[in-house]
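With the hints as extra help, turn the sequences into a complete structure.
Given next are the chains, with one letter for each unit.
Number of protein chains: 2
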Amino acid sequence: MENIKSYVQQNKDRFINELIELLKIPSISADSAYSQDVLNTADAIKESLLKAGCDKVEICETPGYPIVYGEKIIDTNLPTVLVYGHYDVQPADPINLWDSPPFEPVIKTTEKHPDGAIFARGACDDKGQMYMHVKALEYMTVNDKLPCNVKFMIEGEEEIGSSSLAWFVERNQEKLSNDVILISDTGMISNSQPSITTGLRGLSYVEVEVTGPNRDLHSGLYGGAVANPINILAKMIASLHDENNHITIPGFYDNVEELSLEERSEMAKAPFSLEAYKKALNIEDVYGEKGYTTNERNSIRPTLDVNGIWGGYTGEGAKTVIASKAYAKISMRLVPNQDNLNITELFTKHFESIAPKAVKVKVTPHHGGQGYVTPIDNIGYQAANKAYTESFGVPAIPQRSGGSIPIVALFEKELKSKTILMGFGLDSDAIHSPNEHFGIFNYLKGIETIPLFYKYFTEMSK
Amino acid sequence: MENIKSYVQQNKDRFINELIELLKIPSISADSAYSQDVLNTADAIKESLLKAGCDKVEICETPGYPIVYGEKIIDTNLPTVLVYGHYDVQPADPINLWDSPPFEPVIKTTEKHPDGAIFARGACDDKGQMYMHVKALEYMTVNDKLPCNVKFMIEGEEEIGSSSLAWFVERNQEKLSNDVILISDTGMISNSQPSITTGLRGLSYVEVEVTGPNRDLHSGLYGGAVANPINILAKMIASLHDENNHITIPGFYDNVEELSLEERSEMAKAPFSLEAYKKALNIEDVYGEKGYTTNERNSIRPTLDVNGIWGGYTGEGAKTVIASKAYAKISMRLVPNQDNLNITELFTKHFESIAPKAVKVKVTPHHGGQGYVTPIDNIGYQAANKAYTESFGVPAIPQRSGGSIPIVALFEKELKSKTILMGFGLDSDAIHSPNEHFGIFNYLKGIETIPLFYKYFTEMSK
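Protein sequence lines, in the order shown, are assigned to chains A and B.
Oh and the first sequence: position 300 is 300 in UniProt numbering, straight run, nothing missing.
Oh and the second sequence: position 201 is 201 in UniProt numbering, straight run, nothing missing.
Don't take every hint at face value.
Since the list gives no way to pick one copy over another, a pair counts as held whenever it fits inside one copy or between any two copies.
What the hints assert, rightly or not - Below, in silico cross-link-like pairs of lysine to any residue (SDA-like), each with a Cα-Cα straight-line distance of 25 Å or less:
id, residue 1, residue 2
1, K279, T211
2, K360, Y292
3, K349, A238
4, K360, N282
5, K362, W310
6, K360, S428
7, K349, V286
8, K418, S177
9, K5, A166
10, K462, D144
11, K112, R215
12, K24, E316
13, K362, Y277
Because the hints were derived from the structure by calculation, they are not lab data.
Everything numeric in this text was worked out from a predicted model, so none of it was measured.
The structure is reproduced here in structure tokens:
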């Protein structure tokens with residue numbers, strides 16, 4: 001019986017190569033052109049779970065992409081950990097900004113990753129972080145160290161709203177019954193300072209279409225006389241924030257939880273350099289809601305961002321045209337207590353109400369999810385903290401994340417259990433961006449830390 | 001010796017087929033992918049001018065696309081008409097909105113064109129209208145009816161700013177010397193009511209780039225904390241008009257010529273139905289500068305329109321990203337006395353000044369041109385009016401157009417002669433739009449009318 005550190009050392013090259021193979025499959029759930037690749041990735045996950053020691057693995061059909069379910073039940077009297085992850089990835093564009101092809105993984109060292117990092121779409125979000133759990137299971141089964149039951153639920157639609165997962169969870173509460181849910185799909189402060197995400201933002205994502213004239217028009221003959229959908233869309237988007245960058249949608253802030261000054265000063269203790277932040281993004285200044293710090297703006301405050309906009313002539317050269325239509329994709333990050341369906345409704349009502357009579361407006365909801373907060377006094381959190389403390393040598397700091405994992409709120413509602421977000425990525429890993437990567441150190445450290453969580457969670461559950 | 005009407009009747013099928021062949025060549029000057037097609041079109045124009053009876057035709061090299069020059073000098077004591085036109089066309093996108101491929105011409109009847117119209121990019125703007133002059137020359141030479149000298153100058157960069165034409169004209173004043181310049185690149189009120197364009201708007205066309213963070217970011221982790229270039233661009237664009245739709249660029253209106261109430265009431269006499277206008281565009285309401293009518297807004301008032309906008313994720317589905325950059329193409333239509341270079345400078349200074357510190361802004365001028373007004377008391381205008389009156393049975397109405405033919409101001413400056421804009425297209429011909437077309441009636445009527453202009457202009461010049 002060897003310990004996890006030495007097992008990882010002996011097998012690390014294989015662990016890295018297995019992940020690289022997984023990263024070669026372009027499982028982009030948002031683009032139907034890649035649907036076969038998404039399905040192939042599900043098969044690959046199934047194989048890896050069987051190899052890692054699951055007794056039973058199924059590819060569960062859903063209205064959308066399948067969910068890979070696996071389990072190893074050693075004793076029904078022992079607690080059960082449900083591991084969640086996703087095998088789909090974000091689209092890779094803009095492709096031209098990648099230094100190497102997004103689905104041809106390469107290992108390069110960076111300032112933050114002197115031991116090297118794997119560069120590929122999905123390296124961190126979430127194939128790399130999900131696969132740590134598969135390898136941790138392998139270690140525990142091979143070395144007879146699995147102290148409790150484990151279930152895996154790996155989905156293929158996280159990047160497009162997890163609607164099939166919701167469908168699946170509602171129908172399989174018995175099968176998915178567990179004592180704690182474990183997810184690695186978030187980040188930590190640094191490789192020397194682990195952190196546990198205790199809060200997530202919710203999400204409301206819509207697409208808007210503004211229609212002016214029934215056809216593209218010559219901007220000379222019609223310019224100035226008809227509503228230009230692009231100008232109107234710009235006006236409408238601009239009006240969604242006031243001069244203090246508060247969002248102007250009536251009712252938007254009604255249920256926003258205001259943190260106490262104590263809580264805010266607790267948060268402010270997390271190490272943060274505004275200068276380093278600006279330097280890393282090459283910006284002269286930050287920008288956001290008046291009255292809040294950068295770390296508050298991206299975690300405890302709701303936001304509204306345009307994620308994409310298009311209309312008219314966008315090719316080479318100049319075309320003097322007034323477009324018939326203009327479009328934008330707009331997402332709102334929500335804080336706990338803001339209901340995403342309600343926010344989507346408020347947005348739609350408001351957006352339609354501010355449209356001038358000279359245009360027609362269509363709002364199409366994409367996907368959304370609720371925010372979430374984990375209390376730090378439950379044994380799941382404490383087991384995770386002990387695991388981090390042992391493998392990193394310092395305790396983890398509880399942190400609110402600005403990101404959204406909509407299904408976490410769903411899990412609590414349907415499965416009545418808490419979710420522990422043990423993230424091993426760094427904010428600088430460029431998830432959702434060109435040149436996404438995941439540190440070799442982080443990947444292996446994750447594999448080392450996870451079995452410790454199982455150990456302490458089982459102990460504390462007695 | 002036969003008259004023009006019967007000559008057109010006998011040859012109309014050939015006239016139509018020759019134009020259709022010309023329209024099959026995708027001479028899109030704005031897109032370098034089509035450069036060989038643009039050059040091939042120049043060759044085709046050269047052949048057609050030789051066939052039509054020019055003594056000498058040259059393909060004149062320039063820094064850009066060549067200019068086709070042709071001439072027939074019958075007597076240096078007689079006046080000389082310089083015909084200008086362009087053989088390049090606008091890009092065809094959005095391709096998917098065309099009912100038939102833009103470069104596979106088809107003839108269909110429409111409500112406004114019961115005798116049929118040719119549908120193709122460039123059918124009206126300007127291959128169809130330019131080719132009327134070639135066929136009018138053919139009639140005059142074949143039937144020995146050419147009463148004066150004629151020169152042709154057909155360029156290939158009108159849709160991208162005519163910069164090579166300016167270069168060419170400045171260097172060939174002797175070769176291009178003339179008594180009047182004749183252009184068919186505008187429209188008329190209707191097939192029963194001809195009009196002559198006496199005013200054109202100038203143009204300033206710029207492309208703007210707004211850069212926020214140095215890479216695309218995850219909108220959850222950074223949303224609300226950094227300037228989103230798309231939101232900022234929308235804000236900046238929105239701020240370019242005030243609540244009365246006046247343009248807010250300081251100094252923008254300084255040189256705008258204010259028309260007298262008399263002039264405005266003269267203009268107001270042109271037949272116009274706001275209801276029909278709205279119905280034709282399927283809009284609930286018009287939209288524009290407070291205090292001016294629709295026909296004033298698109299002719300005697302300057303405008304600012306976004307012709308294209310893009311940034312972030314515009315593909316299928318949803319991507320929660322904050323883009324690093326956002327772009328827009330913006331054009332300003334100018335009225336006489338507004339200098340386009342000065343306006344471009346004012347725009348650039350203003351746009352840079354309103355950018356928040358959190359983003360970087362780049363403004364790139366595309367092309368531009370001055371506005372122009374033709375007095376209706378010169379013999380060129382009067383000859384054109386007599387020609388219209390004879391071939392349509394009613395006199396032409398003088399009209400200001402909102403469009404821009406930047407080189408008209410250049411011609412007056414460099415060649416010291418007036419330009420007569422004899423347009424035969426209709427506003428409904430969808431130039432610069434999908435399904436551009438040109439009526440068979442208009443095409444043939446143009447060929448009929450042009451020789452009458454030569455006749456009366458020569459008579460009046462005596």
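Comparing the hints with the structure gives:
1. When the C-alpha separation of K279 and T211 is checked against a cutoff of 25 Å, the pair qualifies only between copies, where the shortest distance is 15 Å, while the shortest distance within a copy is 40 Å.
2. For a Cα distance limit of 25 Å, the shortest separation of K360 from Y292 across copies, 23 Å, qualifies, whereas the shortest one inside one copy, 36 Å, does not.
3. In the homo-oligomer, the alpha carbons of K349 and A238 lie at most 25 Å apart both inside one protomer (17 Å) and across protomers (21 Å), since each shortest distance falls under that limit.
4. Proximity of K360 to N282 under the C-alpha cut-off of 25 Å is restricted to the inter-copy arrangement: shortest distance 10 Å between copies versus 39 Å within a copy.
5. Taking identical chains as interchangeable, the C-alpha atoms of K362 and W310 lie at most 25 Å apart whether they share a chain (15 Å) or sit on different chains (19 Å).
6. With identical chains, the CA atoms of K360 and S428 are at most 25 Å apart between copies only, with a shortest distance of 22 Å across copies and 41 Å within one.
7. Taking identical chains as interchangeable, the C-alpha atoms of K349 and V286 lie at most 25 Å apart only when they sit on different chains, with a minimum of 23 Å there against 31 Å within one chain.
8. Only within a single protomer do K418 and S177 lie at most 25 Å apart by alpha-carbon distance; the minimum there is 12 Å, versus 87 Å between protomers.
9. Taking CA atoms no more than 25 Å apart as the test, K5 paired with A166 passes in neither setting, with 37 Å inside one copy and 75 Å between copies.
10. In this assembly of identical chains, the alpha carbons of K462 and D144 lie at most 25 Å apart only when taken from the same copy (20 Å versus 112 Å across copies).
11. For a Cα distance limit of 25 Å, the shortest separation of K112 from R215 across copies, 17 Å, qualifies, whereas the shortest one inside one copy, 51 Å, does not.
12. In this assembly of identical chains, the alpha carbons of K24 and E316 lie at most 25 Å apart only when taken from different copies (22 Å versus 33 Å within one copy).
13. Only between protomers do K362 and Y277 lie at most 25 Å apart by alpha-carbon distance; the minimum there is 23 Å, versus 38 Å within a single protomer.
The structure fails hint 9 only (numbered hints given earlier).
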